[in-house]
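Novice: As a plain string of letters, each chain reads:
Number of protein chains: 2
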Amino acid sequence: MTYCCALRLEQGLVLISDTRTNAGVDHISVFRKLHTFGVVGERFIAIQTAGNLATTQAVISHLQNALNFNHEPNLYSANNMFEVAELVGKTLKTVLEDITSNTQEQMNYSGSILVAGQIKGEEMQLYNVYPQGNFISATTDTPYFQIGESKYGKPILDRALHYDMPLDDALRCTLISFDSTLRSNVSVGLPLDALVYYKDSFIIPKGKRIGEEDPYFTQISKQWSETLRRGLQELPKPTEDYWV
Amino acid sequence: MTYCCALRLEQGLVLISDTRTNAGVDHISVFRKLHTFGVVGERFIAIQTAGNLATTQAVISHLQNALNFNHEPNLYSANNMFEVAELVGKTLKTVLEDITSNTQEQMNYSGSILVAGQIKGEEMQLYNVYPQGNFISATTDTPYFQIGESKYGKPILDRALHYDMPLDDALRCTLISFDSTLRSNVSVGLPLDALVYYKDSFIIPKGKRIGEEDPYFTQISKQWSETLRRGLQELPKPTEDYWV
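For the protein sequence lines, the chains are A and F, in the order given.
Each residue of the first sequence is one higher than the one before, counting from 1 in the numbering used here.
Each residue of the second sequence is one higher than the one before, counting from 1 in the numbering used here.
Calculated directly from the structure, the hints in this document are not laboratory data.
A couple of the hints might just be wrong.
Since the list can't tell identical chains apart, any single copy or any two copies may satisfy a pair.
[Claimed, not checked] Once the Cα atoms are required to be at most 27 Å apart in a straight line, the calculated DSS-like pairs of lysine-lysine come out as:
id, residue 1, residue 2
1, K199, K120
2, K237, K206
3, K237, K222
4, K206, K120
5, K237, K199
6, K120, K90
Could you put together the complete structure from these sequences and hints?
Specialist: Encoded structure:
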């Protein structure tokens, strides 16, 4: 399984992906699912992947190949993020058609992809790309997308996240969303890849890998458990009509 | 969809079920999914149901019919909760075999059931009964079961719940688990049915129905959002290596 989450907020992008892949619980590996591309000062593109690893690796390799051999269209020839999403969607659709042309089990090979970034002179965008190649974009009403194992980490996002919150608040909120997911589903696992992009900065952030021993993540995970336990204690006692 | 949660703790049982059923988003109804049986001073049995409504209603009706017409075995002839779970499991399996004997779509008619209670002289028990008629029991290590839409409400249970916590703390924790689920999935809906049973009390609690206007539930839901927002603010700021 996988959990990827991407936020497109007023001030920038917050992107986090886990790295665990599994073919059964006895076959667990670490693979990067957050990929970055770009030209400093001109464009930043991030791609997060969930689903069949052969499929999503093929998509990333095709996109990288097009860049290496200057095949157009490619990620650096696209005029805006919409064209980037179109290219990613078409690549995903083509890869899936190649793989599944001889099989009925299309679902097993499927994948989904988040595409985020900004090209100079254009709006910063976040797209959720489906296996059919089509996609939707994040808005101020719905400023985030999740792919993979999204449910455990959704309540904190639904309660705390809003479009105009500062990026450091949003980053903490998303890290807590991951912590909740890690605790409830062993198929989502550390290390995490986290990345923050400031709007109009046009840099390619290196991002941070968060491992088992990461002191900051360990600290907020522990403090969050304490917050929840204390918060529950501070709720008013149930009224008497609960006890009849 | 449905969300039912049942806790078997040192001091007693906490059971909550939602009441929303849906055949598509344009066909939503209210049906009770928390059913109680018993003989004051002698036995208390609660059954929570998820899945196909025709299937689960049939199971409850068969169990009730056996009581009405004194067909044995029935819920009041069972010697302990294990025999109760066996009876519920066999009834569910038989109903499913009847319904699906002429169809391939077994999944669409399936259901799952939580059975909790205590019979005088015996341990209080909680069982998770599968469509195949078999079942598992809650333990001190894993003191709770969920059926239906369980994921959104699981993180708070995983963090805060433990076997020896007081029932009022456990009730608040479970109500928050429901509040998180209600916010993230419209197919789980108010009113909720909540019930607390004290070990060795052998009463049949009436329980409480929690509707849209319930002042206590509204209050803790609001306070919990505030707790989470404040808790996020109080987390230490992300370290500098997140911003590269």
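Novice: Does each hint fit the structure? Answer for all of them.
Specialist: Now the hints, each set against the structure:
For the identical chains of this complex, K199 and K120 are intra-copy neighbours only, at 10 Å inside a copy versus 66 Å across copies, given an alpha-carbon limit of 27 Å. With identical chains, the CA atoms of K237 and K206 are at most 27 Å apart between copies only, with a shortest distance of 19 Å across copies and 48 Å within one. For the identical chains of this complex, K237 and K222 are neighbours both inside a copy (25 Å) and across copies (15 Å), given an alpha-carbon limit of 27 Å. Within a single copy, K206 and K120 get their C-alpha atoms as close as 19 Å, which meets the 27 Å cut-off; across copies the closest is 64 Å, which misses it.
Only between protomers do K237 and K199 lie at most 27 Å apart by alpha-carbon distance; the minimum there is 20 Å, versus 45 Å within a single protomer. In the homo-oligomer, the alpha carbons of K120 and K90 lie at most 27 Å apart inside one protomer (23 Å), although the nearest pairing across protomers, at 66 Å, exceeds that limit.
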